[in-house]
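Chains as they are written, first to last, in the working numbering: chain A, 1 to 240; chain B, 241 to 480; chain C, 481 to 720; chain D, 721 to 960; chain E, 961 to 1200; chain F, 1201 to 1440.
What the hints contain is simulated information worked out from the structure, not anything from laboratory work.
You can take every hint at face value.
Some chain F residues judged to face chain E by a derived CB distance under 8 Å, without partners named: (1) Lys1282; (2) Gly1285; (3) Arg1292; (4) Arg1296; (5) Thr1393; (6) Ile1398; (7) Val1399; (8) Ile1401; (9) Pro1409; (10) Glu1412; (11) Leu1419.
Backbone N, C-alpha and C define an ideal beta-carbon position, used for all residues, glycine too.
Number of protein chains: 6
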Amino acid sequence: MRPSKRPNDAMRDVTMDTGVSRHAEGSCLVRFGNTEVLCMASLEERVPPFLKNTGKGWVTAEYGMLPRATGDRMRREAAQGKQSGRTQEIQRLIGRSLRSIVDLQALGERQITVDCDVLQADGGTRTAAITGGFVALSECLKWMEERSMVKRHDVLLGHVAAVSCGIYKNEPVLDLDYAEDSTAETDANFVMTGAGGIVEIQGTAEGAPFSEDEFLNLLKLARKGIGELVETQRQVLGEH
Amino acid sequence: MRPSKRPNDAMRDVTMDTGVSRHAEGSCLVRFGNTEVLCMASLEERVPPFLKNTGKGWVTAEYGMLPRATGDRMRREAAQGKQSGRTQEIQRLIGRSLRSIVDLQALGERQITVDCDVLQADGGTRTAAITGGFVALSECLKWMEERSMVKRHDVLLGHVAAVSCGIYKNEPVLDLDYAEDSTAETDANFVMTGAGGIVEIQGTAEGAPFSEDEFLNLLKLARKGIGELVETQRQVLGEH
Amino acid sequence: MRPSKRPNDAMRDVTMDTGVSRHAEGSCLVRFGNTEVLCMASLEERVPPFLKNTGKGWVTAEYGMLPRATGDRMRREAAQGKQSGRTQEIQRLIGRSLRSIVDLQALGERQITVDCDVLQADGGTRTAAITGGFVALSECLKWMEERSMVKRHDVLLGHVAAVSCGIYKNEPVLDLDYAEDSTAETDANFVMTGAGGIVEIQGTAEGAPFSEDEFLNLLKLARKGIGELVETQRQVLGEH
Amino acid sequence: MRPSKRPNDAMRDVTMDTGVSRHAEGSCLVRFGNTEVLCMASLEERVPPFLKNTGKGWVTAEYGMLPRATGDRMRREAAQGKQSGRTQEIQRLIGRSLRSIVDLQALGERQITVDCDVLQADGGTRTAAITGGFVALSECLKWMEERSMVKRHDVLLGHVAAVSCGIYKNEPVLDLDYAEDSTAETDANFVMTGAGGIVEIQGTAEGAPFSEDEFLNLLKLARKGIGELVETQRQVLGEH
Amino acid sequence: MRPSKRPNDAMRDVTMDTGVSRHAEGSCLVRFGNTEVLCMASLEERVPPFLKNTGKGWVTAEYGMLPRATGDRMRREAAQGKQSGRTQEIQRLIGRSLRSIVDLQALGERQITVDCDVLQADGGTRTAAITGGFVALSECLKWMEERSMVKRHDVLLGHVAAVSCGIYKNEPVLDLDYAEDSTAETDANFVMTGAGGIVEIQGTAEGAPFSEDEFLNLLKLARKGIGELVETQRQVLGEH
Amino acid sequence: MRPSKRPNDAMRDVTMDTGVSRHAEGSCLVRFGNTEVLCMASLEERVPPFLKNTGKGWVTAEYGMLPRATGDRMRREAAQGKQSGRTQEIQRLIGRSLRSIVDLQALGERQITVDCDVLQADGGTRTAAITGGFVALSECLKWMEERSMVKRHDVLLGHVAAVSCGIYKNEPVLDLDYAEDSTAETDANFVMTGAGGIVEIQGTAEGAPFSEDEFLNLLKLARKGIGELVETQRQVLGEH
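Chain A on its own, in the form it takes in the complex:
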């Protein structure tokens, strides 16, 4: 039995609120249970040097955690003078995931930066960030469409969402919370498109190595969870 009493294939309650920032061109406060991530998409009329004069744009992400988002207070990265390896790894993953469903040519020479800041952490912050980051990015493209800068569906090739799965007490379970995550034998993050294509897989044996069969079970759970997340994205974005 999971600590949260959820069935093995059940997501936590998921909400995605848009329009939560007066300033950002697109924003979304995403919750996976008690995990809360504030995602804000900022449009800038500039691109990184390697894209200058190519006609192509860029989508990138940054990730942060408030110091007391976690059970024990962590040191503030700005005060330490550097981002941890974990932070950099996560923000690279978010950026790659979002770019996987964007046509950078159709975006034009502009950059959209999606800031994902964890207000409260209870496991799955990176998957919530990708899922909510997609909504913030979509809102930003709506904002641009309203100003006739782009057609949103020329730029967006589909939906993208993410979920973590793991083997907890020998059973494959969907959407690990912190209590599960910290004791799971295996932990895997899946990023998939609305059409079911795989964008990124990261699986790690925390204890004993895992087998191909175990891994396929996790993938099956992920597919179910991501299907539900994309459905919520569609509702929130008014796509029905």
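Starting from the known structure of chain A, fit chains B, C, D, E and F onto it as the hints suggest.
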């Protein structure tokens, strides 16, 4: 006429929500109009080196802004590898202000760190942070009292709150929002106790120097605003 | 009785020597008693990016302390790899104070940087730096006038000087030295123009909060002290 | 056809030379074709703070590239003052992979650091580093066994090796070199034990998302490659 | 008697292998006994800002040590976030030494960076780096000559090599290894041209000061050693 | 003819003022012509970790330049976040030079840090710093002797001073000023004891290599100059 149509001596709508974090020992989401600051107080059983074996504790603060809390996205301080001079100046001010109403001896050899993170900025982030930081600190002391660690009112010597005032189009006005702050001739921040004592004054002529009379007008406005803020603190903390 | 036997409203001996650097366009070694600050103004034909092509110039300041300017040796900031929050706070204050009496348009697209380095500290280093920094800046503008680059009095709108006051053993005193500063209940820095306008006020309760009356007493002392400092500036700059 | 003319399921020539350092307790120069990584294991009688007095040891890894290991010279990370996100991501992966086959209790309170420095890069540097890093670690444990510090096979629970696979021109191929890696549609790194258990999977769609079937084909290739790598490890370590 | 049994005026075995990098325009793996330094010269079509539009090029060097090049593992400079004073001192010396025999005008507006990375250290790493760095630089110029970019002998004004000498147990000895270096009373590094001119001398009394006569004995030994090194450079570069 | 009209073997006017700091245990403001260096020796009752419990002390030095000590303003190292390679090289040299005449055992487990800060630069700042640093160190030892902590002459084994020489317009000259230093063909720094022993030699060919004879001429000039400097040290320290 102020851009917000407020009378010269009127505060913006102020709210202070407590219990907004599952993890922090004390927390408060404070809003001065569209300015939103999340304050979380963290208790740690350690003190800075200069207080070891003195029997005295410490209260300190850290301040940050989400990159898109502002109209234009700012660079993330963690990515830049250092905190700006402005950030350091503000967090030093918050810490001094909170310590002004704390008996460090009564706290015992423990540290409370109050993190003030600006989710949305519209002027007055430092004054909102001090005002909400006091509430988070009080909540943390309640949490400690419930566990018989301290008596809250042995540690807290009073209330502390802060507000900014300025001379806008030649008139003294209370609680500047961003539209006013960015064009005010003079800008002053006042930190005062519930009993009316002055803890900190910072007044700056942005344009022409100001006179003693002008300054005394600002101080009078501040006294009114801080009185209202302390009243709200009392309600929120259930002190009636 | 003050440790230095000075009357409550007496400044320490103040000297300002100009022409102390062969290289700087303007320089001043200022002494407030045993506090010694070397101020050097450097002219550069460039401006910060935000002023490019605006026709306006910039005046800025940097502040430093030799490691053994103080009673105990402090770590060298260059070796630590960063400037402390205190250093940044002070250099921002010096810069704002000097800009308050400069017409940046009349200066033209050039930058003057005033370096204030404390050779010996005995309280009041920031107020000495502002007062001596003004002299170095004036000397730099003389140098420019001699080369027909600007008219000095088109650029300089007045004089600016600063002094600290405090409540020491329940009495308001002028120009705190280190022995007073480290035990004063309240400490306030005042920056004022030669014409008596207030440029900056920073008052802090180190112990108990202070009252409006106490504050007004400090302001009165400051006005006296700054009057004397401006008189010395005038003599040194040959303005009689 | 692959640029290197290799069949789709063929590894590059792999060599692992041990004893290449006079100083390190264990060392291995591993080559996957033109990719060369020098792996050195250093034993230290200390552990990170979180393991003090637990009786458990630690295995960690650091990764670096010589500036001209690549086609174009890269900036030296030591000169830039920080390790890139990519470097940190890779060294965290190497460390996790090596710890997956180590009994930290049996190691005792000691740390082994495995430095993996890329002398020449032609794709697959992280997989070569894990594979060669295992050999250096084993050599270090042999060194310790000779001094009766541990029994090598109490500490080592098995073998670990890694390989990258990808979809190149629509075909799944084993052990990508740089020419393939830079144009592959999908790129996946697999870390597996000698017994066939999966330790880590990282799959990324560089272009279009990939399907479950495609992924399973890559996993099958990886299993073949890693089998060959473990066989080479056994020969080099004299385990037949 | 020297620990290595060498006569006082004997170099260690010296080898210089060229063509050891697929990527670098010039490369040399130089060995002075057990000291091994990998030197790679990289050509870039850009110059430092102070040389823009002067028609002159630049030759510079960077130096690094693998963490376990030494008897005890040293911390990785990239992880520490800065290069040590020793590293900077050495790379400045290598750069100056190489520029002493280069006509920067004849090179044209291009930069050659010579990276010298110590794979294994046993004393004399800086002198090996200069000696091998010259070979890598020469190979790079050959590469340029083959592409008709420059005439190699227009750019190279001669040969340059370096060796350390010292007073070990009261006797002047040539080419100190680590066992000698760490206990020598005096340690001196000499950089000389193939024609016998002195480019750089650095002599340091580790214990008691040394006399002019002692110093001249060291210089004499250096002249012999550098003569042999230049002879090896000539052979390796095919100049006979 | 030298720009300063000095004969080739003449030093600039040299002065050394002691007692220039109220705080430092020993201090000296040294001038070599227009070069001014403020040297302050600080005694601390602690040693670096590698000397703990050895009974031996340590002498070290730090070097800095005020930003406008030079003809053009240089960036402040504290603001840049690191010390340049040049700064580190110089402070290592000063430290080694001072330690050459100190018996660290006789000093006991204490550290003396000699800060050398250049107030004005006109060539020869490092040699002035060593020469004046010795005086500050001696003053510090006097201070300790007065408190019966050590016998000054047990700790100090002799005098140490330094001077630069160079080949300027084909002639060997003593004590280069900036005008000479910036165009000299060869530049050499010599550190010697009062007894004439050589502590450190650093000679660099800025243009063409130099010969042994040229070098010996420079050494002869250095011996003369250092003799004069040590005589001045003796007078200033009251040793006649």
